[in-house]
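There are 2 protein chains.
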Amino acid sequence: MSSFAELWAEIAPIGRADSGGYLRFALTEPELTLRDWFRAQASSRDMTVTEDGNGNLFAWRGEPWAPGTVLTGSHFDSVPHGGGFDGPLGIVSAFLAIDEVPNDRQIGIAAFVEEEGGRFGVPCLGSRLLTGAMDPSRAAALKDRDGISFGEALGATPVGQITRLANIKAVVELHIEQGIALETPVGVASAIWPHGRWRMDFAGVGDHAGTTRMTDRRDPMLTFAFTVLAANKEARLTGAHATVGRVQVEPNATNAIPSLVRGWLDARAADSGTLDRLVDEVVRKATERAGRDGTTVAVTPESVTPEVAFDGPLATHLSKVLGDAPILPTGAGHDAGVLSAHVPTAMLFVRNPTGVSHSPAEHASDADCEAGIKALATVLTDLS
Amino acid sequence: MSSFAELWAEIAPIGRADSGGYLRFALTEPELTLRDWFRAQASSRDMTVTEDGNGNLFAWRGEPWAPGTVLTGSHFDSVPHGGGFDGPLGIVSAFLAIDEVPNDRQIGIAAFVEEEGGRFGVPCLGSRLLTGAMDPSRAAALKDRDGISFGEALGATPVGQITRLANIKAVVELHIEQGIALETPVGVASAIWPHGRWRMDFAGVGDHAGTTRMTDRRDPMLTFAFTVLAANKEARLTGAHATVGRVQVEPNATNAIPSLVRGWLDARAADSGTLDRLVDEVVRKATERAGRDGTTVAVTPESVTPEVAFDGPLATHLSKVLGDAPILPTGAGHDAGVLSAHVPTAMLFVRNPTGVSHSPAEHASDADCEAGIKALATVLTDLS
Numbered sequence: 001m002s003s004f005a006e007l008w009a010e011i012a013p014i015g016r017a018d019s020g021g022y023l024r025f026a027l028t029e030p031e032l033t034l035r036d037w038f039r040a041q042a043s044s045r046d047m048t049v050t051e052d053g054n055g056n057l058f059a060w061r062g063e064p065w066a067p068g069t070v071l072t073g074s075h076f077d078s079v080p081h082g083g084g085f086d087g088p089l090g091i092v093s094a095f096l097a098i099d100e101v102p103n104d105r106q107i108g109i110a111a112f113v114e115e116e117g118g119r120f121g122v123p124c125l126g127s128r129l130l131t132g133a134m135d136p137s138r139a140a141a142l143k144d145r146d147g148i149s150f151g152e153a154l155g156a157t158p159v160g161q162i163t164r165l166a167n168i169k170a171v172v173e174l175h176i177e178q179g180i181a182l183e184t185p186v187g188v189a190s191a192i193w194p195h196g197r198w199r200m201d202f203a204g205v206g207d208h209a210g211t212t213r214m215t216d217r218r219d220p221m222l223t224f225a226f227t228v229l230a231a232n233k234e235a236r237l238t239g240a241h242a243t244v245g246r247v248q249v250e251p252n253a254t255n256a257i258p259s260l261v262r263g264w265l266d267a268r269a270a271d272s273g274t275l276d277r278l279v280d281e282v283v284r285k286a287t288e289r290a291g292r293d294g295t296t297v298a299v300t301p302e303s304v305t306p307e308v309a310f311d312g313p314l315a316t317h318l319s320k321v322l323g324d325a326p327i328l329p330t331g332a333g334h335d336a337g338v339l340s341a342h343v344p345t346a347m348l349f350v351r352n353p354t355g356v357s358h359s360p361a362e363h364a365s366d367a368d369c370e371a372g373i374k375a376l377a378t379v380l381t382d383l384s
Numbered sequence: 001m002s003s004f005a006e007l008w009a010e011i012a013p014i015g016r017a018d019s020g021g022y023l024r025f026a027l028t029e030p031e032l033t034l035r036d037w038f039r040a041q042a043s044s045r046d047m048t049v050t051e052d053g054n055g056n057l058f059a060w061r062g063e064p065w066a067p068g069t070v071l072t073g074s075h076f077d078s079v080p081h082g083g084g085f086d087g088p089l090g091i092v093s094a095f096l097a098i099d100e101v102p103n104d105r106q107i108g109i110a111a112f113v114e115e116e117g118g119r120f121g122v123p124c125l126g127s128r129l130l131t132g133a134m135d136p137s138r139a140a141a142l143k144d145r146d147g148i149s150f151g152e153a154l155g156a157t158p159v160g161q162i163t164r165l166a167n168i169k170a171v172v173e174l175h176i177e178q179g180i181a182l183e184t185p186v187g188v189a190s191a192i193w194p195h196g197r198w199r200m201d202f203a204g205v206g207d208h209a210g211t212t213r214m215t216d217r218r219d220p221m222l223t224f225a226f227t228v229l230a231a232n233k234e235a236r237l238t239g240a241h242a243t244v245g246r247v248q249v250e251p252n253a254t255n256a257i258p259s260l261v262r263g264w265l266d267a268r269a270a271d272s273g274t275l276d277r278l279v280d281e282v283v284r285k286a287t288e289r290a291g292r293d294g295t296t297v298a299v300t301p302e303s304v305t306p307e308v309a310f311d312g313p314l315a316t317h318l319s320k321v322l323g324d325a326p327i328l329p330t331g332a333g334h335d336a337g338v339l340s341a342h343v344p345t346a347m348l349f350v351r352n353p354t355g356v357s358h359s360p361a362e363h364a365s366d367a368d369c370e371a372g373i374k375a376l377a378t379v380l381t382d383l384s
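Protein chains in written order, with the UniProt record's numbering: chain S, 1 to 384; chain X, 1 to 384.
No wet-lab data here; the hints were simulated from the structure.
Do not take every clue at face value.
Which chain X residues face chain S? A few, computed with CB under 7 Å, are given here [what the hints assert, rightly or not]: (1) V228; (2) K233; (3) R236; (4) T243; (5) A253; (6) D266.
Beta carbons are placed, not taken as given, at the ideal position from N, Cα and C, and that holds for glycine.
Working from the sequences, and respecting the hints, build out all of it.
As structure tokens, then:
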């Protein structure tokens with residue numbers, strides 16, 4: 001049996017950038033290499049490997065999708081220059097945990113595709129397709145930054161909803177915690193904040209930076225900048241989270257007033273009412289400012305996920321099984337959140353001492369990861 | 001003899017993007033195609049073509065660099081999705097004007113490399129090298145967005161200063177006007193505003209957009225946004241021009257707080273005192289805000305050009321030769337501005353009815369372009 005550190009070292013170099021972070025985008029070479037590693041791990045445990053026609057990969061102990069199977073796993077893909085734990089920890093832990101689960105139990109391990117939305121823009125794309133929450137032809141048409149569609153990357157239009165999901169008895173996803181709220185090695189998730197992504201297109205008039213009088217300008221960079229500050233202020237006032245972390249500028253030249261600035265608003269709140277009010281207020285302020293700047297703003301929701309309350313009795317039960325592990329909510333989206341609308345679902349979190357995630361500095365200790373594996377093995381044995 | 005419209009049509013499709021604007025970056029395929037066209041135009045007029053080892057291309061009637069030669073021309077390169085007139089109009093007009101200048105006159109036509117700084121970041125790179133204003137090894141090391149250096153693109157380290165420039169009697173660059181100040185078909189330049197580019201690196205701490213509490217964030221996007229608005233406000237208060245048209249974000253992911261936002265400030269003013277005060281005030285405000293955001297800001301001047309006052313008696317003379325053409329300053333940089341420190345230099349502007357430039361919408365009428373060619377022929381005949 002591999003120890004955690006040994007197995008972790010096998011995948012650590014795959015897709016690692018000079019920044020120390022990872023470039024493991026869905027269906028690109030590093031993520032495909034990780035999928036090969038997944039097949040090898042499954043094979044060494046005599047597990048059956050299947051794909052679901054949506055880009056999701058599975059290893060099964062017992063018949064694939066057999067009634068009563070407990071499903072675990074997570075995702076391989078990263079945000080650009082993200083940490084190595086976000087996603088892969090759940091898959092590595094699943095293979096090590098299953099070694100501790102009695103051989104007669106039916107367990108599946110999943111590697112969901114495009115959880116981050118880092119390549120095709122829609123997070124949890126694989127689990128959304130699998131559960132029927134996402135239209136397959138819409139998914140096929142999603143494009144990455146180079147214009148390659150998800151359908152092209154997959155080599156086919158995804159098949160969409162997998163009805164045999166109804167056979168799954170429970171889902172348990174183990175994941176590194178992405179804040180600093182967890183003070184013990186392992187915790188259990190209560191809920192995922194409602195959250196979403198809104199693309200904001202600020203359009204103005206491209207012109208010469210040197211010769212265009214300030215009063216004649218229709219500069220969308222101003223409207224964008226104002227909106228960034230307004231979103232931050234609204235989030236602080238409402239106790240929500242708002243971030244503008246991605247920007248695209250046309251023509252993006254030093255000596256040209258932009259014709260278009262495109263920014264993405266990531267917003268999350270403890271309840272849907274607060275989230276809706278936050279986004280409405282940001283859009284209202286952006287629109288008002290656009291009127292003053294002579295620009296326009298068009299807002300497109302790219303993905304909006306309502307609050308996910310994980311199965312309460314299941315979370316309470318698992319907390320007890322794990323010796324009163326703390327139960328806590330998260331602001332981060334997960335495939336488990338999508339699956340929870342269809343199957344009794346739980347999440348285990350592994351402590352993140354600094355809370356840093358989506359950054360090369362993301363880290364969890366070996367001891368906490370080993371505690372996570374032990375907890376996952378306990379939970380899988382208990383549930384299966 | 002070609003009419004303006006005929007010759008213009010020859011180059012109109014080269015490097016044209018779907019936006020209607022141009023992607024004619026220095027030493028890339030479209031600009032190299034335009035250089036081939038330049039050689040063919042020179043050849044059809046029995047002109048000698050030379051290169052100067054700095055990426056600048058010349059066609060000569062008479063011996064290259066012969067004492068008493070009058071030099072005209074402009075540049076082929078564009079900003080990303082820029083207009084077709086900015087630069088190429090001066091070269092096309094030069095070839096058509098020379099057809100009207102008596103055959104015994106010594107005239108040179110130049111195509112200067114990298115006037116926009118759109119590929120390697122330093123505008124007027126070719127004329128700066130030629131005049132000795134730019135160190136050749138520093139120029140060789142400048143990199144484009146793909147990491148290719150100017151030296152690599154050129155195939156050699158540039159040779160730098162060309163001492164035979166002292167033989168040139170006068171320089172006249174014809175250019176489309178880039179504001180709306182010119183109300184007649186042709187005008188004469190008085191001065192170029194002092195101007196420059198400052199790279200601003202806003203550094204913070206990359207983290208998860210969903211899980212990081214607002215109070216724990218060190219988000220450089222906020223400092224950037226504040227600085228964009230501060231620069232705009234300072235420019236309006238001081239009668240200067242300030243623009244942030246280019247942005248780079250790391251990691252540039254929707255669900256990650258950026259670790260770095262890099263913005264470029266383009267600033268220009270009627271005098272150096274105002275420009276210095278503007279930039280100082282923007283940097284002061286950015287630094288103050290960075291203190292509040294828990295971020296840092298580092299400002300690097302990439303190129304700063306002091307005020308250029310073109311040869312006053314020459315401008316007055318040319319205005320008279322052209323029937324009292326108006327004399328006006330510009331906020332746009334030009335190779336003629338760099339050359340004016342070494343050779344008596346003038347510029348002719350062709351009317352731009354909307355004032356739009358550095359945009360696909362940039363335009364001058366055929367009639368005004370023909371008037372420009374006639375004026376350039378008159379001036380070249382007068383000076384040579």
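Fill in: Agreement of hint A253/X with chain S interface, Cβ distance less than 7 Å
holds (4 Å)
Practice prompt. So, R236/X near chain S? Judge it on the closest CB pair being under 7 Å.
Written response: holds (5 Å)
Worksheet item: Given K233/X was flagged as interface, is its beta-carbon under 7 Å from a beta-carbon of chain S?
Response: At 10 Å from the nearest chain S Cβ, K233/X fails the 7 Å test, so the hint is violated.
Worksheet item: Once the shortest beta carbon distance from T243/X to chain S is found, is it less than 7 Å?
Response: holds (4 Å)
Worksheet entry | Hint validity - V228/X Cβ closer than 7 Å to any chain S Cβ | holds (4 Å)
Item to complete: Let me know if the C-beta of D266/X comes in closer than 7 Å to any C-beta of chain S, holds or violated.
Response: The hint holds - D266/X has a Cβ within 7 Å of chain S, the shortest such distance being about 4 Å.
Of the numbered hints stated above, the single one contradicted by the structure is hint 2.
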